[in-house]
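Colleague: Okay, here's what each chain looks like letter by letter:
Number of protein chains: 2
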Amino acid sequence: MVDLPPFSSNFILHWGEMGTKWGVNRTVAQIHALLFISEEPLNAEDICNRLGVARSNVSNSLKELQNWGIVNVIHLSGDRRDHFESVKDVYELFRIIITERKKREIDPTLRNLRKSAEEAGQTNDINDSYAKGQLEELLGFFEMVSDFYNQMDKMPTKSAVKIIGMGDKIAKTLGGFGK
Amino acid sequence: MVDLPPFSSNFILHWGEMGTKWGVNRTVAQIHALLFISEEPLNAEDICNRLGVARSNVSNSLKELQNWGIVNVIHLSGDRRDHFESVKDVYELFRIIITERKKREIDPTLRNLRKSAEEAGQTNDINDSYAKGQLEELLGFFEMVSDFYNQMDKMPTKSAVKIIGMGDKIAKTLGGFGK
DNA sequence: CGGTTGTTTCCGTTAAGAGAGAAATCAAAA
DNA sequence: TTTTGATTTCTCTCTTAACGGAAACAACCG
Chain A
24 MVDLPPFSSN
34 FILHWGEMGT
44 KWGVNRTVAQ
54 IHALLFISEE
64 PLNAEDICNR
74 LGVARSNVSN
84 SLKELQNWGI
94 VNVIHLSGDR
104 RDHFESVKDV
114 YELFRIIITE
124 RKKREIDPTL
134 RNLRKSAEEA
144 GQTNDINDSY
154 AKGQLEELLG
164 FFEMVSDFYN
174 QMDKMPTKSA
184 VKIIGMGDKI
194 AKTLGGFGK
Chain B
24 MVDLPPFSSN
34 FILHWGEMGT
44 KWGVNRTVAQ
54 IHALLFISEE
64 PLNAEDICNR
74 LGVARSNVSN
84 SLKELQNWGI
94 VNVIHLSGDR
104 RDHFESVKDV
114 YELFRIIITE
124 RKKREIDPTL
134 RNLRKSAEEA
144 GQTNDINDSY
154 AKGQLEELLG
164 FFEMVSDFYN
174 QMDKMPTKSA
184 VKIIGMGDKI
194 AKTLGGFGK
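Heads up: the sequence lines are chains A and B, in that order. Okay, so the first sequence: first residue is 24 according to our numbering, each after it adds one. Okay, so the second sequence: first residue is 24 according to our numbering, each after it adds one.
It should be emphasised that the hints constitute simulated quantities derived from the structure, not laboratory data. Treat the hints with care, as some may be off.
Identical copies carry no separate label here, and so any pair may be met within one copy or between two of them.
[Claimed, not checked] SDA-like cross-link-like pairs, simulated, lysine to any residue; straight-line CA separation at most 20 Å:
id	residue 1	residue 2
1	K181	E62
2	K138	S32
3	K126	D148
4	K86	T43
5	K86	G42
6	K111	F164
7	K192	S169
8	K86	E159
9	K111	N90
10	K192	D170
11	K138	D148
12	K181	E115
13	K138	P29
14	K111	P179
15	K111	E160
16	K181	D112
17	K192	N80
18	K111	P64
19	K125	Y114
20	K177	R127
21	K126	W45
22	K138	V113
23	K181	F171
24	K138	H37
25	K125	G46
26	K185	Q174
27	K185	E142
28	K86	G46
29	K111	V168
The whole structure should be built from the sequences, with the hints applied where relevant.
Modeller: Now the structure itself:
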């Protein structure tokens, strides 16, 4: 971890570690952490040197970060090399991540549940009716979550933040109805 | 996949597959899926037979599901064997999962960010000020998310559901402010 | 054309995790 | 105490992912 203050390396290492728990590989998360706290865009060479990882690894990791949509290519005048920068706004960053995770982790299940529920609907075996009901419950839940995500995604970031931040007030208002 | 209607095996297999994307192993997710759609509690032997996996694997997986808090032991009269049942209410199920994931995936980062931000606060090197600011932004975001989770957790399930379900209406109300 | 940059694709190594099976251990009921 | 069920531990295998290095390739520019 060359040329970085201790608190930065600490953060980068931790972010890499957590990355593995979030389903992205360590290097990918580290590179993202580095770019996120870098004021200027960095080129691939810079990243290699700072993190001490192989060039090919950096190249592939950058590609994955671009697939996620949280890292963009920047061209500096007078320099032919690609430079990379992370989405810098935290709210925007997580909006993208959440949308992407929904696409990968929710939508396939939603499709499968719809299919399963449909198939289940065609059987009338009394033994299967409980399973059928549970699948329908699950499907309903996933539909709801999916709708919620879609609405948050359409919303301007600030409104979404406001909803999250106002969680307690909304809860109090609605609490009476929910009981 | 013995003694199960096609839509059930389909669901169990898919849930197992998605489990790997959610960070739990395949067998653990499959067992959970099986228990979730089973009306009666199953014993370890049953699970072995239905899913065709090793007994030890079932034992360890059940333990992990109990650690997550989404599977409980049940004792049936006249049967000394442990029986297992999943949390059956979908909303309750995901409330538990989300709380648990927060504990594993958010809280450690929150702690680390607090530490990093504190360390960063002590340096006055002008070169580090951007990184410092980004870390503070990130910390603020994680604090907000954490608070939101805590509030949802304290809330009766129905209120939480109501907030999620009313996402669009709340968005419309707040939309004007957010723009 | 030669030099630089970037991507892609191999290959080989290493590390980590999942999974199965066997045996030892433990606990409680009969 | 004996028996049954459950957990724990250990070992072994298999698979996957990560990683680095090297080379091939394409694109571009001077």
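Colleague: With reference to the structure, classify each hint as holding or not holding.
Modeller: How the hints compare with the structure:
1. In the homo-oligomer, the alpha carbons of K181 and E62 never lie at most 20 Å apart, since the shortest distance is 24 Å inside one protomer and 44 Å across protomers.
2. With identical chains, the CA atoms of K138 and S32 are at most 20 Å apart between copies only, with a shortest distance of 12 Å across copies and 47 Å within one.
3. Neither within a single protomer nor between protomers do K126 and D148 lie at most 20 Å apart by alpha-carbon distance, with minima of 34 Å and 41 Å respectively.
4. For the homomeric pair K86 and T43, the shortest alpha-carbon distance inside one copy (18 Å) is at most 20 Å, but the shortest distance between copies (23 Å) is not.
5. In this assembly of identical chains, the alpha carbons of K86 and G42 lie at most 20 Å apart only when taken from the same copy (16 Å versus 25 Å across copies).
6. Taking identical chains as interchangeable, the C-alpha atoms of K111 and F164 lie at most 20 Å apart only when they sit on different chains, with a minimum of 13 Å there against 33 Å within one chain.
7. Taking the shortest alpha-carbon separations for K192 and S169, only the inter-copy value of 16 Å comes in at or below 20 Å, while the best intra-copy value is 24 Å.
8. In this homomeric assembly, K86 and E159 never come within 20 Å of each other (Cα to Cα): the closest approach is 39 Å inside a single copy and 27 Å across copies.
9. For a Cα distance limit of 20 Å, the shortest separation of K111 from N90 inside one copy, 17 Å, qualifies, whereas the shortest one across copies, 37 Å, does not.
10. Taking identical chains as interchangeable, the C-alpha atoms of K192 and D170 lie at most 20 Å apart only when they sit on different chains, with a minimum of 12 Å there against 22 Å within one chain.
11. With identical chains, the CA atoms of K138 and D148 are at most 20 Å apart within one copy only, with a shortest distance of 18 Å there and 58 Å across copies.
12. For a Cα distance limit of 20 Å, the shortest separation of K181 from E115 inside one copy, 10 Å, qualifies, whereas the shortest one across copies, 29 Å, does not.
13. In this assembly of identical chains, K138 and P29 lie within 20 Å of each other by CA distance solely across copies; the values are 11 Å between and 52 Å within a copy.
14. Only within a single protomer do K111 and P179 lie at most 20 Å apart by alpha-carbon distance; the minimum there is 17 Å, versus 36 Å between protomers.
15. When the C-alpha separation of K111 and E160 is checked against a cutoff of 20 Å, the pair qualifies only between copies, where the shortest distance is 10 Å, while the shortest distance within a copy is 39 Å.
16. When the C-alpha separation of K181 and D112 is checked against a cutoff of 20 Å, the pair qualifies only within one copy, where the shortest distance is 12 Å, while the shortest distance between copies is 33 Å.
17. For a Cα distance limit of 20 Å, the shortest separation of K192 from N80 qualifies neither inside one copy, at 47 Å, nor across copies, at 46 Å.
18. For a Cα distance limit of 20 Å, the shortest separation of K111 from P64 inside one copy, 11 Å, qualifies, whereas the shortest one across copies, 49 Å, does not.
19. Within a single copy, K125 and Y114 get their C-alpha atoms as close as 16 Å, and across copies as close as 18 Å, so both meet the 20 Å cut-off.
20. In this assembly of identical chains, K177 and R127 lie within 20 Å of each other by CA distance solely inside one copy; the values are 18 Å within and 29 Å between copies.
21. For a Cα distance limit of 20 Å, the shortest separation of K126 from W45 qualifies both inside one copy, at 15 Å, and across copies, at 13 Å.
22. Only between protomers do K138 and V113 lie at most 20 Å apart by alpha-carbon distance; the minimum there is 19 Å, versus 37 Å within a single protomer.
23. For the homomeric pair K181 and F171, the shortest alpha-carbon distances inside one copy (16 Å) and between copies (16 Å) are both at most 20 Å.
24. In this assembly of identical chains, K138 and H37 lie within 20 Å of each other by CA distance solely across copies; the values are 11 Å between and 40 Å within a copy.
25. With identical chains, the CA atoms of K125 and G46 are at most 20 Å apart both within one copy (13 Å) and between copies (15 Å).
26. Taking identical chains as interchangeable, the C-alpha atoms of K185 and Q174 lie at most 20 Å apart whether they share a chain (14 Å) or sit on different chains (15 Å).
27. Taking the shortest alpha-carbon separations for K185 and E142, neither the intra-copy value of 41 Å nor the inter-copy value of 30 Å comes in at or below 20 Å.
28. In this assembly of identical chains, the alpha carbons of K86 and G46 lie at most 20 Å apart only when taken from the same copy (16 Å versus 23 Å across copies).
29. For the homomeric pair K111 and V168, the shortest alpha-carbon distance between copies (18 Å) is at most 20 Å, but the shortest distance inside one copy (27 Å) is not.
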